[in-house]
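Take these sequences, add in the hints, and give me the full structure.
Chain by chain, the residues run as shown.
There are 2 protein chains.
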Amino acid sequence: MIDPSSSALLTDLYQLTMLQGYFDQGMEQSATFEFFVRKLPASRGFLLAAGLEQALVFLENLQVTPEEIEWVSGDGRFSKDFIDSLAALRFTGEVHAMPEGTVFFPDEPILRVTAPMPQAQLVESRLINLLHFQTLIASKAARCVLTAPDKMLIDFGLRRAHGAEAGLLAARASYIAGFTGSATVLAAPLFDIPVYGTMAHSFIQAHDDEMEAFDHFARSQPGNVVLLIDTYDTEAGAEKVVELAPRLQAEGIQVKAVRLDSGDLAKHAHKVRKILDDGGLTKTGIFSSGSIDEYVLRELLAAGAPIDGFGIGTHMDTSADAPYLDCAYKLTEYAGIARRKRSEGKATWPGRKQVYRLYDQHGRMQEDILTIEGDTQDGEVLIRPYMKQGKRLHQPESLETIRQRAAAELERLPLHLQELGIMPAYQVSVSPALQKLAAEVDARQA
Amino acid sequence: MIDPSSSALLTDLYQLTMLQGYFDQGMEQSATFEFFVRKLPASRGFLLAAGLEQALVFLENLQVTPEEIEWVSGDGRFSKDFIDSLAALRFTGEVHAMPEGTVFFPDEPILRVTAPMPQAQLVESRLINLLHFQTLIASKAARCVLTAPDKMLIDFGLRRAHGAEAGLLAARASYIAGFTGSATVLAAPLFDIPVYGTMAHSFIQAHDDEMEAFDHFARSQPGNVVLLIDTYDTEAGAEKVVELAPRLQAEGIQVKAVRLDSGDLAKHAHKVRKILDDGGLTKTGIFSSGSIDEYVLRELLAAGAPIDGFGIGTHMDTSADAPYLDCAYKLTEYAGIARRKRSEGKATWPGRKQVYRLYDQHGRMQEDILTIEGDTQDGEVLIRPYMKQGKRLHQPESLETIRQRAAAELERLPLHLQELGIMPAYQVSVSPALQKLAAEVDARQA
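Chains as they are written, first to last, in our numbering: chain A, 111 to 556; chain B, 111 to 556.
In case anyone wonders, no lab produced these hints; they're calculated from the structure. We put the beta carbon where it would ideally sit given N, CA and C, even for glycine. There's no promise every hint is true.
Derived list of chain A stretches under chain B, where covered just means 3 residues or more per stretch with a C-beta under 8 Å from a C-beta of chain B [unchecked claim]:
#, stretch
1, 120 to 126
2, 506 to 513
Far from chain A, by Cβ distances over 12 Å, these chain B residues were calculated [to be verified]:
#, residue
3, Val-352
4, Gly-484
5, Ile-532
Structure follows, in structure tokens:
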């Protein structure tokens, strides 16, 4: 059985045809590729790096399995000697990266791979696939967290995430960005993320009577009583909760919260809050879901909606307002010589790079300097070593460590980048050393 | 090792808390759930059903593994007896569905599950996850196919698809919709989809000389010579191809095509076509990639761009202009009684449904009738049986069969729905029998 998530053949065919070409020419010298985002989506002012852990696991275990080799052999495009070399291929290179949870900006590499050309080339598609998606979601989730820093935010997006892996990695990426947890069960055993969940409309509908459904659920999950009240009529549902609560309290069961999932959430929340308070349920919270994103959050908070927590699903797990990043993994050095492409609108900076970050007197990010490795600058060094000779240099970071880093990073953002609107871009300066290198590379390739 | 793609715990926690509630109340009677799309995205006039095969495989193999049971046991939310019932749970129900490749419209179920409540409930999240994504991508890809019916269209989207499964299933869904193939290698061994690929910029950059890179590649892949010419200067690249071609021809190697990946594609294609033709390479095609979607395709074709094939990536694999569908899997019957929710803006039609399709005298779709099962109408029956007592009734359909069905369906679309603009909606009529049932359900639940 081929496992797509770890398969070396989860790649574009051109990687293999190029590898055949490199093999034929003996071009197996050291290559450096860097992963970066070319340009921010219009609705983003910064990005939050995520996905490195999965990228490192992928590289560490890289190999083309016998079953996969069988397919390559039968395909007819490849030579026997090359296929033998493919069967023996492992990742023996170096990785440098920004730690997960780091804020970054366009043109700044968040991952650099230096390895014999075939290895560094083959992994392109999957490395992009892993880094792109989690960075996309962490960056979207960070906007929700910045908008509602004091609210409980739960990832509800599995069902409309793009496949199984997207659902799971969205739970991880949003937790990194500061979400409280996820509704996705597997996020608990796989990532140790807190999971949350109570009931859907079907539970109410399956009962002939809404109050009976509430009662059954409360007795079944006495420590976890969050009742969904909008199946038929939201305010009528709230009245039923008020009626039921004393009977439950008599048995020591508290109604922790009610959930709203449709209609004008601010309006309903105000009415429901009053019904609950008038009924003595001042400690029963209101949780809300249904097409929520950072813009809806901002509106609800501005309207003073008395909502304590939010389930945020589709819009976050698909990053609906910006469903992809303009990112690339580009060759910047081969056989000791810096390289770049100059394609229109897609030119890249050559050489192995480093990013330095300067902070203002309040500890907020002020400016980044993009330069070549070795051109030491003032400021914090953002790109660090992670693998050497194909081995990881550190134990995997815990999600809590990454999450705390992300929280600290969001705090250090310039204030204008903590807002949702379109903002003046953060300053990323290109050092004289890097500009000189680019000019030299162009002169050579002219 | 938990495999997320087949795990019964790739679900929302509320499924498990509800299942505990059903268990406590002995509510294990037969439930019917239907999957449908509530509303089309603004930029869609129809949808193409896809994902049924993966949904059936998931149901057929449904079980909570011992490793997963261990997590559930340790979680603390669930009773021992319930956990035992969960370990024994298998899918024993019925599935009715529209075949993959069928065109459908809002409110029309494309999947109906009838099974004991716990089974039918538990699978909700993953069934939506599977059907939503492939339908989303097949529907987007169909728009590309309708816009450029005579062109070679290749899925290039793996790298920016949302994870491994999304990349693979996008290859499948776009092939169903009529794409020629995919760049994703694993799509060949896993789905028997034709795969395509030649070279990236890194291959050119790794050489000191562009012409040498072309030459090396051509000798290495003599049957597959597509040369990427925009790394430094597109027209200069084309001139080099013209210079190189006779030397290759002398050895029996033909340059099949050149690829453009940046800049004004129509302008470059015209210039490159002239350079190739003037150089005698009239049979060398032009293949193009780079931020292409159906709108760009329409523009390029309107500009008469001499492009023979297109690599379509990010915009299709993320369905960028509509990255999700407003879809649901809703309880429509429990214990023999039809049900629906009436939540604001989210009310659903109750009962087990069937869809009949009427065609005009030219064989084009004219109107669909949504009614309850058993209320026979004129027209083609769209929903058919696929599983009974947990077993599949048919062999899996081949992708070719599904692809041919999709092609026939796209041909039968009303002409206005074959265009890209916003169009008058297709007529889906709700039968008197279904309206009467809804009124009865509401009267009972009032």
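For each hint, the structure was consulted:
Proximity of the stretch 120 to 126 of chain A to chain B, defined as three or more residues with a beta carbon under 8 Å from a beta carbon of that chain, is established by the 7 residues found. Counting residues of the stretch 506 to 513 of chain A whose C-beta lies closer than 8 Å to any C-beta of chain B gives 0; at least three are required, and the coverage claim is violated. For B:Val-352, the requirement that its beta carbon stay farther than 12 Å from each beta carbon of chain A is met, with the minimum near 20 Å. Every Cβ of chain A is farther than 12 Å from the Cβ of B:Gly-484; the closest lies at roughly 22 Å, confirming the non-interface assignment.
Distance check on B:Ile-532: its Cβ is at least 19 Å (rounded) from any Cβ of chain A, clearing the 12 Å threshold; non-interface status holds.
Of the numbered hints listed earlier, the single one contradicted by the structure is hint 2.
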